[in-house]
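Engineer: Once you've looked at the hints, dock chain U against the given chain L.
Residue strings, one per chain:
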Amino acid sequence: MIAESVERGLLLWFGAIIGALDLFVLLTIVIGKAVRDLNERRYAAARRRVTEALLPFLESDEPFHVHGRVAVIGDERYELPRPRGLVGRAARETIVSFLAALRGEARERLVTILHEGGYVEPVARALRSRSAIARARAAMLLGGMRATGAGGALVDRVLHDRSPEVRAVAAEALGALHNVASVPILIAALRDPARHSELRISAVLVRLGAAAVPAVETVLHDADERVVRLALDVLLDIGASVGASALAVSTGHASPEVRARAAELLGASGDPAAGAAALELTHDEIWFVRVRAAKALDRLGVPEEPHEREAYYGRLERMLDDPVWHVRRNAAATLADAGRRGERILRAHGGVGTIALQLRDLRGGAAPT
Amino acid sequence: MIVSLVRAAFAGFGVFVVAYTLLVNATYLAQTAIAFLSIRRYLRGRTRERIEQLFRSRLVPPISVILTAYNEGPTIVDSVRAMLALQYSQYEVVVVNDGSTDDTLRLIADAFDLERVEKTYDETIPTRPVRGVYASYTYPNLVVVDKINGGAKADATNAGINAAAYPLFCACDADSLLEKDALLQLVMPMIDRERFVPASGGVVRAANGSRVVRGTLGRVALGGRPIEIFQVVEYLRAFLIGRTAQATLNIMLIVSGAFGLFHKATVVAVGGYNPKAIGEDFELIVRIAKYLHRTKRSFEVAFVPQTVCWTMVPHLWSVLGRQRNRWHRGLMQTLQWHADMLISPTYRGTGIFGIGYFVAVELLGPMVELVGYALFPIGLLLHLVSPLSAALFFLIAVGMGVFLSLCALLLEEISFRRYSEWGDVLLIAAYAVLENFGYRQLTLWWRLTGTIDYFAGREKGWGTMVRTGFTSGGGD
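For the protein sequence lines, the chains are L and U, in the order given.
For the first sequence, the residue numbers in our numbering are 1 to 369.
For the second sequence, the residue numbers in our numbering are 1001 to 1476.
These are calculated hints, taken from the structure and not from any lab test.
No experiment lies behind these values; they were computed from the predicted model shown.
Backbone N, C-alpha and C fix where the C-beta goes; we use that ideal spot for every residue, glycine too.
Careful: at least some of the hints might be erroneous.
Claimed, not checked - Quick list of simulated restraints, FRET-style, between CB atoms:
{"hint": "1", "chain 1": "L", "residue 1": "Val30", "chain 2": "U", "residue 2": "Ala1339", "range": "26 to 36 Å"}
{"hint": "2", "chain 1": "L", "residue 1": "Ile17", "chain 2": "U", "residue 2": "Arg1040", "range": "19 to 29 Å"}
{"hint": "3", "chain 1": "U", "residue 1": "Ile1191", "chain 2": "L", "residue 2": "Ala276", "range": "40 to 50 Å"}
As the list claims (entries may be wrong) - To give an idea of the chain U side of the interface with chain L (calculated C-beta under 10 Å), a few residues:
{"hint": "4", "residue": "Thr1138"}
{"hint": "5", "residue": "Leu1370"}
{"hint": "6", "residue": "Val1371"}
{"hint": "7", "residue": "Glu1413"}
{"hint": "8", "residue": "Trp1422"}
What the hints assert, rightly or not - Some residues of chain U that are not near chain L, with every Cβ distance over 12 Å (derived):
{"hint": "9", "residue": "Leu1084"}
{"hint": "10", "residue": "Thr1101"}
{"hint": "11", "residue": "Ile1125"}
{"hint": "12", "residue": "Asn1141"}
{"hint": "13", "residue": "Leu1217"}
{"hint": "14", "residue": "Ala1221"}
{"hint": "15", "residue": "His1338"}
{"hint": "16", "residue": "Pro1345"}
{"hint": "17", "residue": "Ser1386"}
{"hint": "18", "residue": "Leu1388"}
{"hint": "19", "residue": "Ser1389"}
{"hint": "20", "residue": "Ser1405"}
{"hint": "21", "residue": "Glu1412"}
{"hint": "22", "residue": "Leu1426"}
{"hint": "23", "residue": "Phe1437"}
With the rest of the complex left out, here is chain L (with noise of 0.2 Å):
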C-alpha cells in the first residue's frame, strides 16, 4: 500500500516536471517567434526610415556637415538613430548596403556621417563577438566603411581569428580599405590553412594592383611551394611584369606546379633576358611544364641575338618530335608566329606542323616577311 502510494506520488512528480516542461517549450516558442516576428517588422520600417531620410544626402549639391548624429544638407536635416539596437543596426546596415553601390561624393558623404555618428566603434568591438558571424559580419561591415581606423583590429583578424571564414573576410575588408602597408599581412595570412580562405586573400592581393607587387615578389623565394605557387597565380592574375631574376627560383623548383606558373610569367614578362630561361624550361621532364615553355616562347618573340635565335629555333624544332602532343602542338604554334624561318620549318616536317600553318592562316596570321 505505502509502496503503491510512493509510487503514484513519484508518477506524479514526473508528470508535473514534464507536463511544466512542454509548457515551458511551447511558451518559448511561441513568445520567441512573437518577438522575433516583432523584431522583424520594425527592423523594416526602420530601414525604410532611414532610407527616405538619406535620399537628399545622395542626391543633393548643397552644403553638406555633420555634427555627431545630426547630418545636415542645404536645409535637409537629419539626426541619425543611436548606433546600438535594432533601429541603430538597421540604420547602419542600410548605409552600408548604399555603400556597396556608391561612388564619390556620395559615398564620402554616407561614410563621413557613418564615422561621426559613432557607428563605426560598435561595429569595430564586434570584431571580439565571441559569434563567428558577428566577427564576419563586423569585418565586411569596417571594409565597406572604409573604417581606416579599425585596420589594427582587421589585422588581428586576419592573422588569429580561430574561423576560416572570418579570416578570408577580415583580409577583404582589409583589403578594402586600400592601404599599400596591408600587403605584408595579407602576404602572411596567405599561409591559411583553409584552401578556400587563401583563394579569397589571393583574390584581395589581386585586386590591390600593382602595389602589392614588390611584396608578393619577395614570396617567390619562400619554402612553402603553397604559398609560391599563389603568388605566381597572383602576379599572373594582376598581370605584373616579373623580371626573369626574380623568377630565377621559381624556373628551378622541385614543384612542375610552380614551373609552369614561372614559364607562364616569363612569358608575360615581355623581357628579352626571359628568353633563355624559358628555353631552358622548354627541356622540363613534365609535359605541361614545356607547354607553357613554348606559349612563353611565343609570347616573347624570335630573339635578336644570332645564337639565341639558333637555340631558338633549334629547340623548338626538336619540340615537333616531343613524344606529347600537346607539346608539339604548342611548339607547331609558336613556330607558326616566328617568321618565315619558323614556316620553313614546320613545312618540311608536315604533320602537326602543317595543322599549324593552317590553322594560323584560319584565324589570319601570316609570317612576318
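Structural biologist: Here is chain U on its own, set in the frame of chain L:
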C-alpha cells in the same frame, strides 16, 4: 502458484519497461541537448558570403545529380526543371527512367528536347539492361538513361551512377525538390572537414501544401490533411534532433535515399546500392562505414541541417502504412545482414552506438510498447496493475513525446524557420500532442506488421502509387 508466477512475471516486466523507458528517454534527451548545441554551433559558423563564394569558386567539385523515376508523370518535368535550376558551378542531371509504364519518358523528351545518343555507358555496377541514353539539345547538362525496370530503386540509382560523369553524385527521388543552394550546402563538409566524408545528407521535409511553381518551391505551408501534418512533426523530430545528434557523435548511419551526396568512388568500391536491400539507403551507408573501418580510414558521415529536400509524403493511410512496413523491414534486414558490427571492435562507435541505437531503440522500442499495450488489459483484469499508475505512466510517456516534438519545433524556430505563418507553427505544436493518441499507436502497428512480414518472408512492394504533382499537393 500460477497466480504468483504471473504476478512475478508482471512485476519483472514492469521493472523492465520502466528501466527501458528511462534509458530510451535519456537517450532522446541527450540527443536533444546535443542537437541544440550542434545547431547553435552550426549557425554561428555559417555565413551567407561563404556559400556565395563557393558558388563562384572553381574549388567545388562537380556533381552528378541522379533522379530515379518510375511512373512519375505528374511531377517529373517540374522535378527536372528544378534540378536544372540549382546554384552550382558545374553539375549534370542524370534522370533514370526505370522502365516506367506511364508517359514519364515522353514527357521529359518533349519538355527538354531529348535525342537518343550513342553515349558511353560503363556498367561499373551491374544493373538491368539500359535501353538507351538521351541528351538534350537545350540543356547540355541533362542526360536521361532509359532502362528496363529492375524492381528496385537501387538498380535505377546504380544505372545513374554508371552514367554519372563526375566524382560526386547526389541521389534524389523524382518527386523531391531541392532548394537552390542545396548542393552547395551539402558539398561543404566534403571540402571543409579534415576527415574523409563519403556521404553527406540533408533534411527531408514534407512539401504537401506548399506552393510549387515550375519546379521551384514558393510559399512553405502545411498540408491540409492530418496525416500530412503528423509526418511534418515526425520529420522535424527525426532530422533536426535525431540525425543532427547522430552526426555530431559520428554515428550517423542513414542518409536519406530521397536526398544525399556521395563520393562515387567509395560507393562503387562497395558495389553500389544493393537491389536486394529493402532499405537500400540505410544499407549502403552501413556498408560504406564497414568498408572504411576495415580499410582503417578516418571518416564521418556528414549532416547539414540547413539543406532541405522537399518531398511529397504519403497522403493516404494505406500508402503510409506500406511505406512504414517497408522501412521497418529494411531496418530489420540491414541489422541482420550487418549484425557483426554490433560486437566487433573493428567498427568502434559506429557499431556499438550506431547499430546499437537502432537495435535498442528503433527495433526493440515498438515491441516493448506494443507488448505493454497488450498486457495492460490483462493486468487490469487480474488486478496486477493499478489503473491510476498505468494512466500516469502513459501520460508521462506522452508528455515526453510532446516535449521532444516541441523541442524539434523550437529548434526549427530558432534556426531555419521555414514555416513563417503563425497558424502553421501552432498547428505543428497541436499535432505534436495529438500524434500520441492514435497516430503513434498506428505507426507501432505498421512496424509490428513489418516485423511479421519480414520473418514470414513476405515481399510487399510499394503497391499502386497515386501521383498528383506538387502544386495540387499530395503524393506518396
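Engineer: Next, verify each hint and record whether it holds.
Structural biologist: Each hint, compared with the structure:
1. For L:Val30 paired with U:Ala1339, a C-beta distance near 46 Å fails the hint of 26 to 36 Å.
2. Range check, L:Ile17 to U:Arg1040: about 24 Å between beta-carbon atoms, so the 19 to 29 Å window is met.
3. Our hint of 40 to 50 Å for U:Ile1191 and L:Ala276 holds, since their Cβ atoms are close to 41 Å apart.
4. Restraint check, U:Thr1138 versus chain L: the minimum CB separation of about 30 Å is more than 10 Å; hint violated.
5. For U:Leu1370, the interface hint is violated, the least distance from its beta-carbon to any beta-carbon of chain L being 22 Å, above 10 Å.
6. With 10 Å as the threshold, the beta carbon of U:Val1371 stays out of range of chain L, its nearest partner Cβ sitting at about 20 Å, so the hint is violated.
7. Annotation: interface hint on U:Glu1413 holds; nearest CB of chain L at approximately 5 Å, less than 10 Å.
8. Nearest Cβ of chain L to the Cβ of U:Trp1422: about 7 Å, under the 10 Å cut. The hint holds.
9. Once the 12 Å rule is applied to beta carbons, U:Leu1084 is consistent with being away from chain L; the minimum gap is 26 Å.
10. Non-interface status of U:Thr1101 relative to chain L is upheld: no Cβ of that chain comes within 12 Å, the nearest being about 46 Å off.
11. Separation of U:Ile1125 from chain L is adequate, the least Cβ-Cβ distance of about 31 Å exceeding the 12 Å criterion.
12. Its beta-carbon lying about 24 Å from the closest one in chain L, U:Asn1141 satisfies the requirement of being farther than 12 Å from that chain.
13. U:Leu1217, annotated as away from the interface, keeps every beta carbon of chain L farther than 12 Å; the closest lies near 21 Å.
14. The Cβ of U:Ala1221 sits about 16 Å from the closest Cβ of chain L, beyond the 12 Å cut-off, so the non-interface label holds.
15. No beta-carbon of chain L is positioned within 12 Å of the beta-carbon of U:His1338; the least distance is around 35 Å.
16. For U:Pro1345, the shortest C-beta to C-beta distance to chain L comes to about 33 Å, beyond the 12 Å cut-off, and the non-interface label holds.
17. Once the 12 Å rule is applied to beta carbons, U:Ser1386 is inconsistent with being away from chain L; the minimum gap is 6 Å.
18. With a least CB separation of 6 Å from chain L, U:Leu1388 falls inside the 12 Å interface cut-off, contrary to its annotation.
19. Not every CB of chain L is more than 12 Å from the CB of U:Ser1389 (nearest about 6 Å), against its label as outside the interface.
20. Separation of U:Ser1405 from chain L is inadequate, the least Cβ-Cβ distance of about 9 Å not exceeding the 12 Å criterion.
21. Distance check for U:Glu1412 against chain L: the nearest CB is about 9 Å away, which does not clear 12 Å, and the non-interface claim fails.
22. Not every beta carbon of chain L lies more than 12 Å from that of U:Leu1426, the smallest distance being close to 8 Å; the non-interface claim is violated.
23. Here U:Phe1437 stays apart from chain L, with its beta-carbon at least about 15 Å from theirs, past the 12 Å limit.
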